[in-house]
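**Q** The chain contents come next:
Protein chains: 2
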Amino acid sequence: MTTAAVPAALSAADGRRGRSYAEVEKLLAAGNFQGKLTRDDLPTPALLLDLDLFESNVAKMATYVKSHGRDFRPHGKTHKCPEIAKRLVRAGARGNCAAKISEAEVFARAGLSGLLITTAVVGRHKIERAVRLASLRPDTIFCVDNAQNVRDLNDAARAAKLKMNVAIDLLVSGRTGIATGAPAVALAELITSQPGLKLAGLQSYAGQASHTVGFENRKRVSREAMTPAVETRREMERKGIACPLLTGGSTGTYNIDTEIEGITELQPGSFMFMDVDYNIIGGREGEKYTDFGNALTVYTTVVSKPADNVAIVDGGFKAFATDRRFGPEPKKIAGATYAFAGDEHGRLTLRETASLQVGDQVEMIVPHCDPTVNLYDRMFCLRGEKVEAVWRISARGMSQ
Amino acid sequence: MTTAAVPAALSAADGRRGRSYAEVEKLLAAGNFQGKLTRDDLPTPALLLDLDLFESNVAKMATYVKSHGRDFRPHGKTHKCPEIAKRLVRAGARGNCAAKISEAEVFARAGLSGLLITTAVVGRHKIERAVRLASLRPDTIFCVDNAQNVRDLNDAARAAKLKMNVAIDLLVSGRTGIATGAPAVALAELITSQPGLKLAGLQSYAGQASHTVGFENRKRVSREAMTPAVETRREMERKGIACPLLTGGSTGTYNIDTEIEGITELQPGSFMFMDVDYNIIGGREGEKYTDFGNALTVYTTVVSKPADNVAIVDGGFKAFATDRRFGPEPKKIAGATYAFAGDEHGRLTLRETASLQVGDQVEMIVPHCDPTVNLYDRMFCLRGEKVEAVWRISARGMSQ
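Protein chains in written order, with this note's numbering: chain A, 1477 to 1876; chain B, 1477 to 1876.
Think of the hints as simulated: they come from the structure by calculation, not from any bench. Mixed in with the good hints, there may be bad ones.
Given that identical chains are not distinguished, each listed pair holds provided it fits within a single copy or across any two copies.
[Said to hold, decoys possible] The list that follows gives simulated cross-link-like pairs (lysine-lysine, DSBU-like), each with its CA atoms no further than 35 Å apart: (1) 1862 to 1562; (2) 1512 to 1639; (3) 1715 to 1542; (4) 1562 to 1502; (5) 1512 to 1637.
Chain A with its partners taken away, still in its complex shape:
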């Protein structure tokens, strides 16, 4: 507790950032903040995107996938952000995946095409929305894994005088999908018999592979999951059923699945942002997975110091995804570890007791990127310390 006439926290803040919050608000609302705002002007907790790292992640993945002769349709459930979807297309993506119809509608309204909805569109109302989307963006692909759903989609497409593209979702991860082999081929035959539908191909997403630790181990798990999908595709083609698409793959398996003959398209998501979850899976060479940089962070403020070696920050369950067994990782605070301390707070245990004071700011690598992004309305895009852009996460909350 200092007793200086000029409060230390205020004078430090004054040195770092001269603007009032009213000015910051006005600049953000008007959108003309370029070069005028830095990260220290942002209200914490704030979602930050390092543009240099983001751009290099996107360029690296796009180049890798294309140079291996595969299509690139990154998953929009990671970013939920039309501005990013557009940048991915400019980088060579064939389009963007969307997890649900409501997410795809946001992308379509923003002018995007090339959409693939990776979850089956089930029920009369969602099928109505699918038809509406297909009439707006005729190249949209809808995943199916159920004969009744195929018939319902066909009836709706015919009533609207449309032809809808469908891909068969294969059961390769114990989640959604129809069994590979004969059941999938039978569903393909049903689809080709429906005048309102066009079979685009297959989807094979092996979630269990993406986070398997150790490259060789991950390669084995992914190959085991993908091989029956590739064989199903061959079986369909032997029967004369065209199957131009076999989409799958993830940030963890991009350099595994691009070596499997028969996979035509990759749909990774996390590579653009990265997170603690992917940092620890291990790379092709070496124990650390360093293929992509940690572009996504959350900026927090120390709001309390209940003990010399404890700093409480203003980000808890509502600022970070909590679906993993670990929390976020503080950057640049050597030896500090984070533990969740409720909805609104996190507890940093410090190795050097004087390393953080009330009012200091701490940047954290997010534990799991997708559900973290889904907690924020906007991301602040930085070039170095400067705020270059603010991107709306317009599909946040669109889980329907």
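Position chain B relative to chain A; hints supplied.
**A** For chain B alone, coordinates are given in the frame of chain A:
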């Protein structure tokens, strides 16, 4: 797989709900849906509030707290919804708590007063916002636990020619706050010496007590935490420092803390909604905690049946809070258990294999209410099966 000419799923849906999705959208946008929409018209996953249960929860808690001679200031971080904040005030609440300044600003803009911000407002920009809020709602109380922060608030209040109400946050849970006893009394003396500040009293929130399983055990933990707070209040009064407020307590301890002499106000939140987390803590009489009803649920749809005894629903990490070790609890599906299956899906393991088909809807009690509400923009308020109102969760995402 049925082969009926009229698809079974469609005809079942037609029987239940005749409206098109375009009509539903139009009714929701216009707000004139009363009596016209039922829960089956809503796009899943949807956050549902059972109004009968909600109203009875609010009435029960308000009556209990008031009849025990305490003030009632429920926590707005649970609902983040101005409409609910207003109803709580009409039910007798003195006001609403807010976790952060941005949450309080939403309530203030909606016309609410009686706000108490339970986290310290730290840093030049947040203090600027606090001054703005205090000038709009002069009865707002700001929590402090740090001498420098007290001086900064005083300087800002004086510059704005205001007097701001502050409460000392006590360290009773290992999270935020200043130590009870002499350190807290010294901070109280500092506050009373600052011309821009008025000491409202003390905050003592014992998070560790609220979820302690077993009533007697919980009573012991809460009393251990609250006793030093009550003693600090007495010490202050012995020194002639007025301390009209001692606020704390939770849904788990409302009938414990109202029996502790010296606690003036309760700030529970979860009681209005309830969740799996509170269902399992045990009641005063009996093993189950049934004091309040499960008013808050999420409505989901089965989108895939990869095996006879497995139903995949369309709600995962983005539809439910994931900060507890357990997921949501399906209602009315005997013996079914839920496990998270990624961002977008959950896996129900069924005891009766035929109990759920693709397209069926499943209502779930949420694992933890506060961070679940924070995932949704609106809650659909039901009276029986009918949608009576849609309430905006306007402070969703306001963690700043």
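**Q** Indicate which option fits the pair residue 1715, residue 1542 if close means a Cα-Cα distance not exceeding 35 Å: within, between, both or neither.
**A** within (29 Å within a copy, 75 Å between copies)
**Q** At most 35 Å between alpha carbons: which applies to residue 1512 and residue 1639, within, between, both or neither?
**A** Classified as between: cross-chain Cα gap 33 Å, same-chain 50 Å, threshold 35 Å.
**Q** 35 Å Cα cut-off: does residue 1512 pair with residue 1637 within a copy, between copies, both or neither?
**A** between (53 Å within a copy, 30 Å between copies)
**Q** One pair to classify: residue 1562 and residue 1502, alpha carbons no more than 35 Å apart. Within, between, both, or neither?
**A** Close inside one copy (27 Å) and across copies (29 Å); limit 35 Å.
**Q** Given a CA cutoff of 35 Å, do residue 1862 and residue 1562 count as a within-copy pair, a between-copy pair, both, or neither?
**A** within (23 Å within a copy, 41 Å between copies)
Checked against the numbered hints given earlier, this structure breaks none of them.
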